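Asker: Listed below are the residues making up each chain.
There are 2 protein chains.
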Amino acid sequence: MAALNVVPFVSVDNMMRLVHAAGIETMLVRLAAAIAEDFSRWEAFHKTPRVAAHSAEGVIELMPTSDGTTYGFKYVNGHPKNAAGGRQTVTAFGVLADVGSGYPVLVTEMTLLTALRTAATSALAARHLARPGSRTMALVGNGAQAEFQALAFRALMGIDTLRLHDIDPAATEKCRRNLARFGFHLTACASTAEAVRGADIVTTVTADKRNAVILGDNLVGEGVHVNAVGGDCPGKTELAPEILHRAGIFVEYEPQTRIEGEIQQLAPDHPVTELWRVLSGEMPGRRDVREVTVFDSVGFAIEDFSALRTVRDLLAERPFYDDLDLLADPDDPRDLFGMLMRAGPPRLAA
Amino acid sequence: MAALNVVPFVSVDNMMRLVHAAGIETMLVRLAAAIAEDFSRWEAFHKTPRVAAHSAEGVIELMPTSDGTTYGFKYVNGHPKNAAGGRQTVTAFGVLADVGSGYPVLVTEMTLLTALRTAATSALAARHLARPGSRTMALVGNGAQAEFQALAFRALMGIDTLRLHDIDPAATEKCRRNLARFGFHLTACASTAEAVRGADIVTTVTADKRNAVILGDNLVGEGVHVNAVGGDCPGKTELAPEILHRAGIFVEYEPQTRIEGEIQQLAPDHPVTELWRVLSGEMPGRRDVREVTVFDSVGFAIEDFSALRTVRDLLAERPFYDDLDLLADPDDPRDLFGMLMRAGPPRLAA
Chain V
3 MAALNVVPFV
13 SVDNMMRLVH
23 AAGIETMLVR
33 LAAAIAEDFS
43 RWEAFHKTPR
53 VAAHSAEGVI
63 ELMPTSDGTT
73 YGFKYVNGHP
83 KNAAGGRQTV
93 TAFGVLADVG
103 SGYPVLVTEM
113 TLLTALRTAA
123 TSALAARHLA
133 RPGSRTMALV
143 GNGAQAEFQA
153 LAFRALMGID
163 TLRLHDIDPA
173 ATEKCRRNLA
183 RFGFHLTACA
193 STAEAVRGAD
203 IVTTVTADKR
213 NAVILGDNLV
223 GEGVHVNAVG
233 GDCPGKTELA
243 PEILHRAGIF
253 VEYEPQTRIE
263 GEIQQLAPDH
273 PVTELWRVLS
283 GEMPGRRDVR
293 EVTVFDSVGF
303 AIEDFSALRT
313 VRDLLAERPF
323 YDDLDLLADP
333 DDPRDLFGML
343 MRAGPPRLAA
Chain A
3 MAALNVVPFV
13 SVDNMMRLVH
23 AAGIETMLVR
33 LAAAIAEDFS
43 RWEAFHKTPR
53 VAAHSAEGVI
63 ELMPTSDGTT
73 YGFKYVNGHP
83 KNAAGGRQTV
93 TAFGVLADVG
103 SGYPVLVTEM
113 TLLTALRTAA
123 TSALAARHLA
133 RPGSRTMALV
143 GNGAQAEFQA
153 LAFRALMGID
163 TLRLHDIDPA
173 ATEKCRRNLA
183 RFGFHLTACA
193 STAEAVRGAD
203 IVTTVTADKR
213 NAVILGDNLV
223 GEGVHVNAVG
233 GDCPGKTELA
243 PEILHRAGIF
253 VEYEPQTRIE
263 GEIQQLAPDH
273 PVTELWRVLS
283 GEMPGRRDVR
293 EVTVFDSVGF
303 AIEDFSALRT
313 VRDLLAERPF
323 YDDLDLLADP
333 DDPRDLFGML
343 MRAGPPRLAA
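Going line by line, the protein sequences match chains V and A. Counting with our numbering, you get residues 3 to 352 for the letters of the first sequence. Counting with our numbering, you get residues 3 to 352 for the letters of the second sequence.
Mixed in with the good hints there might be a few duds.
Because identical chains share one entry, a pair is satisfied inside a single copy or across any pair of copies.
[Claimed, not checked] Derived pair list, reagent style DMTMM-like, types lysine to aspartate or glutamate, alpha-carbon separation capped at 25 angstroms: (1) K83 x D333; (2) K83 x E276; (3) K49 x E59; (4) K83 x D290; (5) K83 x D331; (6) K83 x E59.
Everything labelled a hint here was simulated from the structure, so no lab data went into it. For clarity, every value in this text was computed on a predicted model and none was experimentally measured.
Can you make the complete structure from the sequences, with help from the hints?
Answerer: Written as structure tokens, this is what we have:
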């Protein structure tokens, strides 16, 4: 049995080792399976809105949830100007804890893990919302999330053809270079219009921090599935509202998406379907091959919970973690002070 | 300049080293000074209620706050049954972050730190609420918090005489033994009535998880200051309501204390004074030598913030921390995937 003071900690370095040891596509598949399982038992979770501290520079959020047995939370920031200073726009770490004792059981980096779980969620949704037999995806926005989306859609959907576009050609080149070794048919496209040509699925994952029209109404043809990942906070959207008006819209957690998602452009009573109802079989996903579907993804605490428990399970197979001396553990729980004193310098007899 | 991926981490071991290096009483004085400073600029803080996940076994809480420049939060659990299994009833850890970048700047154990800051807050309040010249304190409840209270009251108030009582004589004996080296006049008392005899200050810090009357009305004479620390959640109180009806009542943050504190026994409009108004000079503390005063302490996020920033400042003088590889830091912020791939096994040329 592990010492009570010690909590496993997964550093960025160990997370990378863990992903490579498991295999990145296997990891994405496992994450998607955990998310599907947790979404299917949606009502077991205690759901709270994010707890956000906003400032002029960005936002710091805590995203807690619990299934009654295990508790998890993620700390995540969003600071658009960070990139200019060589920092990540979004960084994250998370904690899993035992509800019965309140003791943390895992502390882990979550910048990489969030990128993986976001992509796994997108591909999981697309399995239920994209046309069967989809092979080609347009990837509009070729930043930090792009390659994760590509691999998740390959692992879960069989996507083998990618049409890349970014307003910055250097981003597209980076994405193309990173994905070259994975055997996709890759086309760098000069415009969004070119990228969406012939695509079964259109993934928008830009970093534009305004209500922008990344995807115009005329670019979305019959039967296309739009995986809208980049619009994820108030005032930041990517889709022309006309697309939403003619699409079947699927969201993670409606109260949160009304504020943060593409649907902030719609009337508050515009019908949407929560993805968990599709995953649990309660509601249909795509209705026919001509329907336009939109997954309006903003990221939800249960996805982080699923990711945290997946990492915990993986660590049982591959111990890529350090022991963190995080919890005071006096021999007698009432004698915290005695523990402190015994750690101090010896005292002379009086 | 430190690497961007690294966050200083203070383990339990390093926290103990830090406390001993600074000196425990000096540490308590520094904490009280930071709390006084932060309470005096109360309106600069963004205050939110705790975010609590309740279960049959206990509660897990996140306590965030921010002054617009620095953000802090504490994770803390409360699980009364833990002690029976050799675990702490309350454990905690905390994080300080830079509001401008959203990057964490400190991760630290907070079980010990919370014990210290709770005691520092009590003694700070008593400086404004207890009779000048107070020397004798009754300490009712001799568990994990007791010795910290004793040392804080000595360091900040000059208390040199302690009258100890606990329903479990072994707890009193532990407390007496731990405090023996500090030069107090110590008396172990067989009852609360005996303990409060002649006391200028009565500190109640029991672990009883019910609405209990630890301190009956007849035990609190004129001019006494009651430092009520143990009643700190709904359904857990220590004082006979009659004491509250004839006392000047001081609280940390009224909306929270109405739910968690002794005053849950009173009408919701019963007048109380927030401590920060006393510390900032806006409101009087004790009015005369005959007044009974009560500090109804439940613990508040700003105290944790003050404690976190005190630790951060101490680390600049004494580097008792480890580097935690917590934040993904790719050379190009948009190339998170490339960072992951470069950490992987080398690939054969195609």
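Asker: Now tell me, hint by hint, if it's right for this structure.
Answerer: Structure-based check of all given hints:
no. : hint       : in the structure
1   : K83 x D333 : between (48 angstroms within a copy, 16 angstroms between copies)
2   : K83 x E276 : neither (32 angstroms within a copy, 38 angstroms between copies)
3   : K49 x E59  : between (27 angstroms within a copy, 19 angstroms between copies)
4   : K83 x D290 : neither (42 angstroms within a copy, 55 angstroms between copies)
5   : K83 x D331 : between (41 angstroms within a copy, 15 angstroms between copies)
6   : K83 x E59  : within (7 angstroms within a copy, 43 angstroms between copies)
Comparing the model with each numbered hint stated earlier shows that hints 2, 4 do not hold.
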